[in-house]
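Undergrad: So you can see what is in the structure, the chains are spelled out below.
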Amino acid sequence: MPATGIDVDAFGARLRSGVPGLDVVLGGGFLSGAVYIVQGVPGTGKTILGHQVCFEHIRNGGRALYVTVLSENHARMMRNMRSLSFYDAGAVPQSLYYVSAFQTLEQDGLKGLTNLIRREIERLDASLLIFDGLTASDQMTSSNSKFKQFVHDLQSVSTVTDCSMLLLTSAEDSTVLPEQTMVEGVIELSRRVPASQSLRYVEVKKFRSSDYLDGRHALQITPAGVVVYPRIESIYGESSDEEPLAGQRVGTGVARLDELLHGGLPAATTTLLLGPSGSGKTTFGLHFLSQSSEQERGLHFGFYETPKRLLNKATSLGLDLAGLQKKGLLSVDWEPPTERVLDRLGNRLIDAVRAQSIKRLFVDGLDALRLAAPGPERLSRFVAALTNELRTLGCSSMFSLELPELFAPEIRVPLDGISIVAENLMLLRYVEYGGSLRRLLAILKVRDSAFDRNLHEFAISAGGIAIAPDFLQADALLSGIAHARRGETMQQRDANGGET
Amino acid sequence: MTKVLLVDDEVGILVILDALLSDAGYRTVLAGNGKQALELFASEQPDAVVLDWMMPILDGPATARAIRELRPQIPIVMMSGADEQALQLHYRDYSAFVRKPFRAAQALEAIRRALGDPAA
Numbered sequence: 001m002p003a004t005g006i007d008v009d010a011f012g013a014r015l016r017s018g019v020p021g022l023d024v025v026l027g028g029g030f031l032s033g034a035v036y037i038v039q040g041v042p043g044t045g046k047t048i049l050g051h052q053v054c055f056e057h058i059r060n061g062g063r064a065l066y067v068t069v070l071s072e073n074h075a076r077m078m079r080n081m082r083s084l085s086f087y088d089a090g091a092v093p094q095s096l097y098y099v100s101a102f103q104t105l106e107q108d109g110l111k112g113l114t115n116l117i118r119r120e121i122e123r124l125d126a127s128l129l130i131f132d133g134l135t136a137s138d139q140m141t142s143s144n145s146k147f148k149q150f151v152h153d154l155q156s157v158s159t160v161t162d163c164s165m166l167l168l169t170s171a172e173d174s175t176v177l178p179e180q181t182m183v184e185g186v187i188e189l190s191r192r193v194p195a196s197q198s199l200r201y202v203e204v205k206k207f208r209s210s211d212y213l214d215g216r217h218a219l220q221i222t223p224a225g226v227v228v229y230p231r232i233e234s235i236y237g238e239s240s241d242e243e244p245l246a247g248q249r250v251g252t253g254v255a256r257l258d259e260l261l262h263g264g265l266p267a268a269t270t271t272l273l274l275g276p277s278g279s280g281k282t283t284f285g286l287h288f289l290s291q292s293s294e295q296e297r298g299l300h301f302g303f304y305e306t307p308k309r310l311l312n313k314a315t316s317l318g319l320d321l322a323g324l325q326k327k328g329l330l331s332v333d334w335e336p337p338t339e340r341v342l343d344r345l346g347n348r349l350i351d352a353v354r355a356q357s358i359k360r361l362f363v364d365g366l367d368a369l370r371l372a373a374p375g376p377e378r379l380s381r382f383v384a385a386l387t388n389e390l391r392t393l394g395c396s397s398m399f400s401l402e403l404p405e406l407f408a409p410e411i412r413v414p415l416d417g418i419s420i421v422a423e424n425l426m427l428l429r430y431v432e433y434g435g436s437l438r439r440l441l442a443i444l445k446v447r448d449s450a451f452d453r454n455l456h457e458f459a460i461s462a463g464g465i466a467i468a469p470d471f472l473q474a475d476a477l478l479s480g481i482a483h484a485r486r487g488e489t490m491q492q493r494d495a496n497g498g499e500t
Numbered sequence: 001m002t003k004v005l006l007v008d009d010e011v012g013i014l015v016i017l018d019a020l021l022s023d024a025g026y027r028t029v030l031a032g033n034g035k036q037a038l039e040l041f042a043s044e045q046p047d048a049v050v051l052d053w054m055m056p057i058l059d060g061p062a063t064a065r066a067i068r069e070l071r072p073q074i075p076i077v078m079m080s081g082a083d084e085q086a087l088q089l090h091y092r093d094y095s096a097f098v099r100k101p102f103r104a105a106q107a108l109e110a111i112r113r114a115l116g117d118p119a120a
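Heads up: the sequence lines are chains F and Y, in that order. Read left to right, the first sequence gives residues 1 to 500 (the numbering used here). Read left to right, the second sequence gives residues 1 to 120 (the numbering used here).
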């Protein structure tokens, strides 16, 4: 079973693509012995994908034939592919054979081309054909009916030779072309440039006799070849009735906070830490992770601080996260602030949680996911699916989300719908008091549980987080400007142990 | 004038080699696969053969073996984009090897050497 959780073996005979993530989208891979069209404008990754499928097929003991009509020459193609890690130079020509069919097409037309393909499949005992040039074949044909006949004939060749076929074409059309109706499936690769970042996608337009994941999925071309990141909500969108660890609690790493939560956070739930920059979100997250253990392995999934800086920060708070990491009880996964693909992050996160049996997760912060998302609506669905899966995996998660204003009379969560997804909400705020800035904590929501609804001041020092007893009236504090009660100063109040 | 039989299924490569060798003073005969090459070999009696490794119908090594049976000493230059080391596991009875994609001067030099051309 792959890390994504779909059992690809539950289906019939499949031709594995060798493209990470694509077989999940295809419900287990291409159907063996079937004909597929892979379409997309130049630069979307068709040729790489075609080669990847070839080498995966070869690794599984098959032989592949790569037929071109009017594409780049074979030597150049081989040279370009050689830099990709899946390419096995030793497999050419014994297991992967290149043939140019241009002369045949020019001299003998589509009928001659069909014959050549059939003969070459038989001569080489090939069980996979990549035909790179469907568009050229169409353009070099005067009659549309002849071209349809050609696609039909290829299907017959596929049947009699038991050879799977991928027909690559540079056509990209939302309308259904006649040849698309004749093949078992149509896969479209596309490219969009929403801002400065170019994003590639794969979408299954048609796939006979099998389930598949609908919609567009992110695709990247990496040194390992094409990688597909199935849309998180298309894999994990189903809500589960199961409530793993129901009734159990997990400690936050701050004893006083556990008291305010009446015993800690409900296990396997999602907690959202809201607060402006510097308010202590990361520090709370580090405390949460400091409770990682053999039974509750921890993961820090962050974007802004390098693992080294993060561990140093923990040490300065008196938290031995480095020690936990050395013991293998805590992992630190850092995604540098470069170009990000939302579903790559989501899949990577879920894969890590699954692979390492993570039970304590701190994602610092949701803002990075927002920047990687194509739109706010998509992010809400993404986070809902992600947290749903974390819940199913019995993972207690904490996400930080930065609030834009340091001081403001009202609190605006910058992501619509996100607060609904989180079972627990905690707000961290600055308050200006007597010429200095103080930090406040408010618990806004805890799933199915009573909790302390008062505001509490907290401090961060070399000993970590220290939460003071109840603070002043909420109506004054939420504006960001605190007022003493009837002449009481905060210092007096602190000296009194917070008793009023 | 030395006559060279050029055999490749990729038309672009044939066109380039044809121009290259013609400019260098050779006569050329062109074939798109091994089967065509053997037919032309019989009728044209070339002095040397330049063969692509991977071709439809009859590949380079099979064509070279057939030609060697007819004329054991004829210079044969093999071409491929694949690794020569991997290819030699299957066939090695050739005079020279040109790795594709090639530069014009490099290919011409290899062919001239195989032919024993003093210009090489």
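Calculated from the structure, these hints are not laboratory results. Some hints here could point you the wrong way.
Claimed, not checked - Not everything, but these chain Y residues come out facing chain F in the computed CB check (under 8 Å):
| id | residue |
| --- | --- |
| 1 | D9 |
| 2 | I13 |
| 3 | G25 |
| 4 | M55 |
| 5 | I57 |
| 6 | H90 |
| 7 | A104 |
| 8 | A105 |
| 9 | E109 |
Claimed, not checked - Sample of chain F residues at the chain Y side, in silico, Cβ under 10 Å:
| id | residue |
| --- | --- |
| 10 | L116 |
| 11 | L317 |
| 12 | I443 |
Using N, Cα and C, we set each Cβ at its ideal position, and we do this for glycine too.
Undergrad: Report holds or violated for the interface hint on Y:I13, using the least CB-CB distance to chain F and a cut-off of 8 Å.
TA: With a minimum Cβ separation of about 6 Å from chain F (threshold 8 Å), the hint on Y:I13 holds.
Undergrad: Hold the hint about Y:E109 up to the distance rule: shortest CB distance to chain F must be less than 8 Å.
TA: This hint is violated: Y:E109 lies away from chain F, its Cβ roughly 18 Å from the closest one there, beyond 8 Å.
Undergrad: Hint Y:G25 vs chain F: min CB-CB distance below 8 Å?
TA: This interface hint is violated because 26 Å lies over the 8 Å limit.
Undergrad: Can you verify the interface hint for Y:A105: is its Cβ closer than 8 Å to any Cβ in chain F?
TA: Interface hint status for Y:A105: violated (17 Å vs cutoff 8 Å).
Undergrad: With a cut-off of 8 Å on the beta carbons, see whether Y:D9 makes it to chain F.
TA: holds (4 Å)
Undergrad: May I ask you to test the interface hint for F:L116 with respect to chain Y, counting a Cβ-Cβ separation under 10 Å as satisfied?
TA: At 6 Å from the nearest chain Y Cβ, F:L116 passes the 10 Å test, so the hint holds.
Undergrad: Take the shortest C-beta to C-beta distance between Y:A104 and chain F; is it under 8 Å?
TA: At about 14 Å, which exceeds the 8 Å cut-off, the nearest Cβ of chain F leaves the hint on Y:A104 violated.
Undergrad: Let's test the interface hint: is any C-beta of chain F closer than 8 Å to that of Y:M55?
TA: Constraint on Y:M55 satisfied, holds at 7 Å.
Undergrad: Y:H90 was flagged as interface toward chain F. Is the shortest Cβ-Cβ separation under 8 Å?
TA: holds (7 Å)
Undergrad: Holds or violated: is there a CB of chain Y closer than 10 Å to the CB of F:I443?
TA: Given a least distance of 65 Å, the restraint on F:I443 is violated.
Undergrad: Should the interface hint for F:L317 be scored as holding, given a Cβ-Cβ cut-off of 10 Å against chain Y?
TA: violated (56 Å)
Undergrad: Should the hint that Y:I57 touches chain F count as held when the rule is a Cβ pair under 8 Å?
TA: holds (7 Å)
Of the hints listed earlier, those the structure fails to meet are numbers 3, 7, 8, 9, 11 and 12, in rising order.
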